[in-house]
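Q: Sequence:
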Amino acid sequence: MKPGRYSHNVINARRRTPISVASATSLICASCPIKHMKTVVILRLKRLNYQPNTTRHRMGRRVLVVGGGGREHALCRALSASTSINEIHIAPGNAGTLHYGTNHDVAASNIEALLALADHHDIDFVVVGPEAPLCDGLADQLIAMNIPCFGPQRLHAELEGSKLFAKKAMDAAGVPTAEYDVMDATTDVDSCLDARSHEPWVIKRDVLAGGKGVVVTSNRQEALEFIDKSIQSDGHVLLERFLPGEEASMLVVMDKSGYVCLPASQDHKRAYDGDTGPNTGGMGAYCPAPVITESIHEKVLQRIVHPMFTHLSSMHVPYRGVLYVGLMIDAKGDPYVVEFNVRFGDPECQVTLPLIEGDVGELLFGAA
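For my numbering, count along the sequence shown from 1 and bump the result up by 438.
These aren't lab readings, by the way, just hints derived from the structure by calculation. Values in this document were obtained by computation on a predicted structure and should not be read as measured data. Just so you know, even glycine gets a beta-carbon here, dropped at the ideal spot from N, CA and C. Keep in mind that a hint or two might mislead.
Here are the computed lysine-lysine pairs in the DSSO-like style, where the Cα-Cα straight-line distance is at most 30 Å [what the hints assert, rightly or not]:
{"hint": "1", "residue 1": "K707", "residue 2": "K606"}
{"hint": "2", "residue 1": "K694", "residue 2": "K667"}
{"hint": "3", "residue 1": "K770", "residue 2": "K707"}
{"hint": "4", "residue 1": "K650", "residue 2": "K606"}
{"hint": "5", "residue 1": "K667", "residue 2": "K606"}
{"hint": "6", "residue 1": "K737", "residue 2": "K667"}
{"hint": "7", "residue 1": "K650", "residue 2": "K770"}
{"hint": "8", "residue 1": "K770", "residue 2": "K737"}
{"hint": "9", "residue 1": "K737", "residue 2": "K606"}
{"hint": "10", "residue 1": "K770", "residue 2": "K606"}
{"hint": "11", "residue 1": "K667", "residue 2": "K650"}
{"hint": "12", "residue 1": "K650", "residue 2": "K707"}
{"hint": "13", "residue 1": "K737", "residue 2": "K707"}
Have a look at the derived ranges for each label pair, beta carbon to beta carbon [stated by the list, open to error]:
{"hint": "14", "residue 1": "A623", "residue 2": "L646", "range": "28 to 34 Å"}
{"hint": "15", "residue 1": "H559", "residue 2": "G771", "range": "46 to 52 Å"}
{"hint": "16", "residue 1": "D557", "residue 2": "T714", "range": "46 to 52 Å"}
{"hint": "17", "residue 1": "K650", "residue 2": "V620", "range": "41 to 47 Å"}
Could you put together the complete structure from these sequences and hints?
A: Here it is, written out as structure tokens:
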């Protein structure tokens, strides 16, 4: 296979007050050997219409990273190498993030305290790690305070907050995904299970569940119990067609005028050895993912990433931040979407960011 090169331009026009200030940064992802292919991803970032806040003019920016896990440690490590970042504040952070900035005893779920912290420390932009604050509207309130946020507003955060919302978005964009049924208290559950009895049942709660709201089982009693419990707690539940294949994920940094795909990765969600046990948020990961060949990468771009970007860009609220695309690659090499997340995956972020050579601070700020 001949060496391949992917090049995408991200033009950012995200500020409310236009000013003729333009700059460009090239970020080159480290060479990624996939079989005999050498993939180099070039990220070009160009900021237009940026109105600096004169009360915050200084050398370098102050960034607030929200979260306290390994993902946030990876973000802080990458941001600390940025020449555009002057100070890093983390809420709440962890022992590792202390090496790169100042931890604050503020929970990621405490929206009011996060807003006060950002205001008190004259934060220039915020990077949100976990999904819950985004679903609770943190980005909306930061934007109202004229503080850019790397992370989507509440409307788009529903792509992760609600499986049904994500399915409807994929239907609207024409993105390939598993067929599904929505079951509630009025549904004949046995008939729905019978219709898909030739394959494992895939059952998904329609709420945030920390990566643990999905059951894949061939045990009918287990399926019935999970469905009943989910309907009682959430009002409804999704039953999907089982998609055989190999999973991978792709992180797509985007704003309303462009996007760029970072190298694909793979994580392992089962809790025990041998890919057994219950699903977790992720037990480990590696990047790049060998399953994403050059041809499959192009299919992902054409069939999934670009249609979703077009759909999201058509909405009155622009998408800003990163879109995590959970993929299933079938035996024919065709990609399907398993799920969307609206933030960096964890642990995927920990193995993807180190491959980027360049100013990660500029990349994140440009898409905020």
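Q: State for each hint whether it applies.
A: Cross-check of the supplied hints:
1. Between K707 and K606, the direct Cα distance comes to roughly 25 Å. Compliance with the 30 Å bound is thereby established for this hinted pair.
2. Only pairs whose Cα atoms come within 30 Å are accepted, and K694 paired with K667 is rejected, the gap being roughly 39 Å.
3. Only pairs whose Cα atoms come within 30 Å are accepted, and K770 paired with K707 is accepted, the gap being roughly 24 Å.
4. At most 30 Å may separate the alpha-carbon atoms for a hinted pair to count; K650 and K606 meet this at roughly 22 Å.
5. A hinted pair counts as satisfied when its Cα atoms are at most 30 Å apart, and K667 with K606 qualifies at roughly 24 Å.
6. In summary, the hint linking K737 to K667 is not supported, as the alpha carbons are separated by about 38 Å, beyond the 30 Å threshold.
7. Between the alpha carbons of K650 and K770 the distance comes to roughly 29 Å, so the proposed pair stays at or under 30 Å and holds.
8. At roughly 12 Å between alpha-carbon atoms, K770 and K737 fall within 30 Å of each other, so this suggested pair holds.
9. Straight-line distance between C-alpha atoms of K737 and K606 comes to about 21 Å, which keeps the hinted pair within the 30 Å bound.
10. The straight-line distance between the Cα atoms of K770 and K606 is roughly 25 Å, inside the 30 Å bound, and the hint therefore holds.
11. For the given pair, K667 sits about 14 Å from K650 by alpha-carbon distance, which is consistent with the 30 Å threshold.
12. A distance of roughly 9 Å separates the Cα atoms of K650 and K707; the hinted pair therefore holds under the 30 Å criterion.
13. Distance check on the hinted pair: K737 and K707 sit about 25 Å apart at the alpha-carbon level, within 30 Å; holds.
14. Checked against the given bound of 28 to 34 Å, the beta carbons of A623 and L646, roughly 22 Å apart, lie outside it.
15. For the pair H559 and G771, the supplied restraint of 46 to 52 Å holds, since their beta-carbon distance comes to about 48 Å.
16. The hinted window of 46 to 52 Å between D557 and T714 holds, with their beta carbons roughly 48 Å apart.
17. Remark: the range hint 41 to 47 Å for K650 to V620 is contradicted by a beta-carbon distance near 20 Å.
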